[in-house]
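A.B. asks: The residues making up each chain are set out below.
There are 2 protein chains.
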Amino acid sequence: MASNKYCVIMAGGIGSRFWPKSRQSMPKQFLDILGTGKSFIRHTFERFEKIVPAENFLVVTNRKYKDLVLEHLPELAPEQVLCEPVGRNTAPCIAYAAYSLLKRDPEAEMIVTPSDHLILDEDDFRAVISECLEFATQNDALMTVGIKPTRPDTGYGYIQVSDAQPISKVKCFTEKPDLQLAQTFLQCGEFYWNSGIFVWKARTIAEAFEKYLPDHHLLFSGLMNALGTDAEQNIVEMVFAECRAISIDYGIMEKADNVYVRCGHFGWSDLGTWGSVYQHSRKDRYANAIPEEGCYLYDTRSSIVSLPKGKIAVISGLKEYIVVDTDDVLMICPRAEEQSIKKFIDEVKYNNGDKHI
Amino acid sequence: MASNKYCVIMAGGIGSRFWPKSRQSMPKQFLDILGTGKSFIRHTFERFEKIVPAENFLVVTNRKYKDLVLEHLPELAPEQVLCEPVGRNTAPCIAYAAYSLLKRDPEAEMIVTPSDHLILDEDDFRAVISECLEFATQNDALMTVGIKPTRPDTGYGYIQVSDAQPISKVKCFTEKPDLQLAQTFLQCGEFYWNSGIFVWKARTIAEAFEKYLPDHHLLFSGLMNALGTDAEQNIVEMVFAECRAISIDYGIMEKADNVYVRCGHFGWSDLGTWGSVYQHSRKDRYANAIPEEGCYLYDTRSSIVSLPKGKIAVISGLKEYIVVDTDDVLMICPRAEEQSIKKFIDEVKYNNGDKHI
Numbered sequence: 284m285a286s287n288k289y290c291v292i293m294a295g296g297i298g299s300r301f302w303p304k305s306r307q308s309m310p311k312q313f314l315d316i317l318g319t320g321k322s323f324i325r326h327t328f329e330r331f332e333k334i335v336p337a338e339n340f341l342v343v344t345n346r347k348y349k350d351l352v353l354e355h356l357p358e359l360a361p362e363q364v365l366c367e368p369v370g371r372n373t374a375p376c377i378a379y380a381a382y383s384l385l386k387r388d389p390e391a392e393m394i395v396t397p398s399d400h401l402i403l404d405e406d407d408f409r410a411v412i413s414e415c416l417e418f419a420t421q422n423d424a425l426m427t428v429g430i431k432p433t434r435p436d437t438g439y440g441y442i443q444v445s446d447a448q449p450i451s452k453v454k455c456f457t458e459k460p461d462l463q464l465a466q467t468f469l470q471c472g473e474f475y476w477n478s479g480i481f482v483w484k485a486r487t488i489a490e491a492f493e494k495y496l497p498d499h500h501l502l503f504s505g506l507m508n509a510l511g512t513d514a515e516q517n518i519v520e521m522v523f524a525e526c527r528a529i530s531i532d533y534g535i536m537e538k539a540d541n542v543y544v545r546c547g548h549f550g551w552s553d554l555g556t557w558g559s560v561y562q563h564s565r566k567d568r569y570a571n572a573i574p575e576e577g578c579y580l581y582d583t584r585s586s587i588v589s590l591p592k593g594k595i596a597v598i599s600g601l602k603e604y605i606v607v608d609t610d611d612v613l614m615i616c617p618r619a620e621e622q623s624i625k626k627f628i629d630e631v632k633y634n635n636g637d638k639h640i
Numbered sequence: 284m285a286s287n288k289y290c291v292i293m294a295g296g297i298g299s300r301f302w303p304k305s306r307q308s309m310p311k312q313f314l315d316i317l318g319t320g321k322s323f324i325r326h327t328f329e330r331f332e333k334i335v336p337a338e339n340f341l342v343v344t345n346r347k348y349k350d351l352v353l354e355h356l357p358e359l360a361p362e363q364v365l366c367e368p369v370g371r372n373t374a375p376c377i378a379y380a381a382y383s384l385l386k387r388d389p390e391a392e393m394i395v396t397p398s399d400h401l402i403l404d405e406d407d408f409r410a411v412i413s414e415c416l417e418f419a420t421q422n423d424a425l426m427t428v429g430i431k432p433t434r435p436d437t438g439y440g441y442i443q444v445s446d447a448q449p450i451s452k453v454k455c456f457t458e459k460p461d462l463q464l465a466q467t468f469l470q471c472g473e474f475y476w477n478s479g480i481f482v483w484k485a486r487t488i489a490e491a492f493e494k495y496l497p498d499h500h501l502l503f504s505g506l507m508n509a510l511g512t513d514a515e516q517n518i519v520e521m522v523f524a525e526c527r528a529i530s531i532d533y534g535i536m537e538k539a540d541n542v543y544v545r546c547g548h549f550g551w552s553d554l555g556t557w558g559s560v561y562q563h564s565r566k567d568r569y570a571n572a573i574p575e576e577g578c579y580l581y582d583t584r585s586s587i588v589s590l591p592k593g594k595i596a597v598i599s600g601l602k603e604y605i606v607v608d609t610d611d612v613l614m615i616c617p618r619a620e621e622q623s624i625k626k627f628i629d630e631v632k633y634n635n636g637d638k639h640i
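Top to bottom, those sequences are chains G and B. Everything in the first sequence is counted per the numbering used here, starting at 284 for the first residue and increasing by one. Everything in the second sequence is counted per the numbering used here, starting at 284 for the first residue and increasing by one.
The following block holds chain G by itself, in its conformation from the complex:
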């Protein structure tokens, strides 16, 4: 019997916070920033491959990354890569995947996952996802996965739960809080990080689109007849041109009344910044996260260094720095200044155009 379980990998991001290692032509999900030997998207695929057959994956990405996706996931057929002509945040991305699955399998159960997160304990994680699939199927629920916070992180969204059950109804979503609020959340114990991983039946999320984002429902359900035909790309083009950019959290999860969260502790990070990569990297005895070979450090502490393959670096006298070297761009920046990378990119772009971006 064919599986009703599907996995939708969202892979449209450009990961500019990892510039100059990530580029418009090579975003974070296709990189191996931790030096594991595999790209993030490859890890994501292999993580779910044990519960979802390869032919039941969909990857939603920008059309310019289609070839990269197929290169990293050669198990997929080209029609398993859904191409957005333009990024419109998560709601349109999920709608495109959900209505595609509905057409193929009205009973589809759907896991939605980012393509570039870190999960350390994959067995625990899959157990959580399996529970979510069971609960979502039996209860027509919109499930989200929450992470027990370990620090007052101001870079994440938070989910407040209604009770202490493993699967709890969601009381409230809060976008990135300030430090004081994040500290309160951490102490309170009712708040979990929003991982951006969702589980639901395709039909349940389609009903939610109809109710909470009716414009998107109209556009994407109208697309269903064209799916899999020669007309698909043209109509997708029009639909994305028309549709409003909005996140699934803001557009549906914060409004619907059948939203549940399954909380887990499986060593999760969105690895959204060099700082979080530093946190999750193996360090030398002076707390430096450096490549296994070719890094000669003197009087250097708590720094992270990334080098092109085969290159060596001799670094003296840096404390808490990010050093990222690539073939055409060198970046040296204090770890505390990593939020400036966007400014750096803007300035380089202003002077040099897209050449180094």
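It is worth saying that the hints were derived from the structure and are not from the lab.
Because identical chains share one entry, a pair is satisfied inside a single copy or across any pair of copies.
Each computed DSSO-like pair below joins lysine-lysine, with the alpha-carbon atoms no more than 30 Å apart: (1) K632 x K566; (2) K602 x K304; (3) K566 x K638.
Predicted, not measured: the structure shown is a model, and the values here were computed from it.
Got chain G sorted already, so can you dock chain B onto it with the hints?
C.D. replies: Only chain B this time, still in chain G's reference frame:
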């Protein structure tokens, strides 16, 4: 009438203090570290070309740099490049050139110059050299060029003069002094930096070799018959294998009694360290010496940056650093630590062999 004036360019150095920009395969004299558009050896050649005809130049270098010399100085014929099989300091290098010139022209007047120094006021410099040539010819003198010191530099040798004449008999040579002594020298006014530029008749220096370095005299005068024959390279090989490494300063200049110095102010530096390159580079308003293009600095002061052509750098939060990026090595080091470069090279060599050296 053919000119009796000859210029001997000493170009055997490996310039390890400019690693990783200088390499065993591409020493400093072949680089354009200041970004002038010409290598040091090219500048040296052009500086003397106005007083010495091209066919009267000799370059003494390690045999592995012969092709590089001819590439940078296409005006020279291959036989104008004298190849040392191994570096033996300046005395053997000068002996090889002096006896070669003697054989060709017993009346040869000889300028000896390093290949990798900076001279800002070339007209003044040539006037000084012309005076030296005249004095050396008329007086059978060993002339050296002294530089009026502008700071208590501990990296240079010093020459004490006997009187305040433009051309003065040398009282004493002192190797690199400590800071206190250097300060005394600077205040005293009788001390000049030893530029390592010499002027003499080939016959005068040969007589000095005979008297003060008789072993070298025997070896190199014995070589004269073979010069210009097929046997030259084999005999040169034996001579250099035999002869003791010694500097011309220590072996002759400190001992001879016909040593004179002509002092000048023509903006000289041996550019022996990144620090001296920094001193002589054009700076931005935050005192950074950076390439004309492609350097984006934030909160960065008094630093020197060198990049491969076409590469850009974004640097934040460095004060008084040296950043040297090349295709296969990146070095980041406080300016005050530049004497550590030798240690860096040793350690890289120990771990990686000659690959990046």
